[in-house]
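J.: So the chains spell out like this:
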Amino acid sequence: MALTESKPWVRWVSLLGFVIVWQVLASQLQSPDLPSPVQVLLSLRTHLVSGELPYHLSITLLRVLAAFVIAMSVGAAIGIVMGNSHRVDALFDGLLVLGLNLPALVTIILCYIWFGLTDVAAVTAVALNKIPTVVVTVREGARAVDRHLLEVATAFRVPPLRTLRQVYLPQLYPYLMAAARSGLALIWKIVLVVELLGRSNGVGFQLGTYFQFFDITSILAYTVAFAAVVLAVEAILMRPLDRRIGRWRA
Amino acid sequence: MIGVDVQVRRKVYRGSETPALSDFRLAIEPGQFVALVGPSGAGKSTLLNIVGGLDTQMDGAVLVNGHPLSIAIESGLAIGHMFQEPRLMPWLTVVENLRLVLSENDEADRRAMDLLDRVGLTEFAQAYPRQLSGGMSRRLSLARAFAVDPDMLLMDEPFVSVDAPTATRLRGFLTDLWVQKQPTVLFVTHDLREALALADRVVFMSGRPGRVVLDQPVVLPRPRDPEDASVTALRGQLLSRHPDLLSGLETHATIVTNPDPSTEASA
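Protein sequences appear in the order of chains U and G. Residues 408 to 657 (the working numbering) make up the first sequence, in order. Residues 163 to 429 (the working numbering) make up the second sequence, in order.
Mixed in with the good hints there might be a few duds.
As the list claims (entries may be wrong) - To spell it out: a stretch of chain U is covered by chain G in this simulated footprint if at least three of its residues, at any positions, have a beta carbon under 8 Å from a beta carbon of chain G; those stretches are:
1) 547-559
2) 562-568
3) 572-582
As the list claims (entries may be wrong) - Take a look, some chain U residues computed to stay more than 10 Å from chain G by CB distance:
4) V431
5) V445
6) R452
7) V513
8) W655
Don't read these hints as lab results, they were simulated from the structure. Here a beta-carbon is modelled for each residue, glycine too, at the ideal position from N, C-alpha and C.
Sequences and hints are given; from them, build the entire structure.
T.: Structure (structure tokens):
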């Protein structure tokens, strides 16, 4: 995370290099299995103009958002409790290990079977996959909380809500940020699988459709749109948040 | 004003065999300034944590004006606690660190700035603690302890590692506050001169497990300074009468006169 301090254009160098290699490779191979970046961009424009891509992308983003909010709040709450109590930690540790290692596909299938082919089932399945990793990260943070600083809050009778916001949570922020980052990464991936398996809209559903037609250009166009969103979220949300939280270290 | 009666029959930390405190008894008069002197490991910080309500895992009781400490705290007893380390929130600015302990009202900002002025940190109000020197952090920590208008002030070697002129000024600040508001003070120090210059009463503790070995009233006129002749004289008198008072307390605790026969079993 300290690397974000370097010049803003540096992070684009590797991405640009990747696109150049892709272009060169595609023009050499001239194969329908590897369309060039230019072809993909043209396809992307078509899908954008038709309104089809914005529709499916926004549906996927809503599912990502719902799963993310649920996973972060439930996971953080469980993580804080487990990090503070040895007894609760011992009680739920086995379940946590099971949750961490349960294949995503199993949760997805079971959710669809038990809750039907609905958005509730889809979002639940994604959140269930993410919660255990949030718990593990936040638990680590809760264990590392400085008891001496909490004693200050107790000694001066700082009201509970203020203690939470100004004494406790600032110590958890780095861990919450780490959980949020890895959380988004995982959720992006699983949401598409969930859509592929049991929804009739969203980017995952579209990718499945284009796969059946072997329309690789469209698949890559959707991928590019998706990647752009991911990079935008990182640049517009995560990094400014990082800077704000880490201001006192500067 | 509040009087405090501390009785710790036994305080043992988990995983430790020797108690930190044992048969400790100290009754502080309302508004009295008590200095606590003793070797490292005598349980002085432990005692402050107990009196401050931070540590309740012990066999004993703390009574504030005759009521249990927890009840006194619930009914609004204000305690100013200055820990051995400054313990500032690194993510809050200097002024935010004070605002943290002040109640939320229009006065809070003005009061925080006023306190910063008194400890000479006005121009650092918007700085973060990592930009402060060690002495400045202690001054902020002192201002925070005063911020709550304490009925009881607990101080754990507050002026250690502060340069001499600053320490003198902070001692003056502390004495002023004490004269104005008459909080009951429990002040831990290694420095006998400082103890004699500040306190009404100096209580000497034995090595681990800590107990009271000598209870010395100080009736010198105020204001006093650690370098005053009267302070030096009293210090010399005490040390000649009890040569082990500062150096050998750990091993020769029983030699020092003490009306409590229970301490004779120690060493």
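J.: All the hints need checking, so say for each whether the structure fits it.
T.: Outcome of the hint check:
Note: the segment 547-559 of chain U has 4 residues with beta-carbon separation from chain G under 8 Å; the three-residue rule is met and the coverage holds. Counting residues of the segment 562-568 of chain U whose CB lies closer than 8 Å to any CB of chain G gives 4, so the stated coverage by that chain holds, three being the minimum. Using a Cβ-Cβ cut-off of 8 Å, 3 residues of the segment 572-582 of chain U lie near chain G, which meets the minimum of three, so the contact claim holds. Every CB of chain G is more than 10 Å from the CB of V431/U (nearest about 48 Å), matching its label as outside the interface.
With a cut of 10 Å on Cβ distances, V445/U stays outside the contact zone with chain G, its closest approach being about 48 Å. Residue-level check passed: R452/U sits 46 Å from the nearest beta carbon of chain G, beyond 10 Å. With a closest Cβ-Cβ approach of about 41 Å to chain G, V513/U is found to remain outside the 10 Å limit, as its non-interface label requires. With a minimum CB-CB distance of about 4 Å to chain G, W655/U fails to clear the 10 Å threshold, and the non-interface call is violated.
Going through the hint list in order, the structure does not satisfy hint 8, though it satisfies all others.
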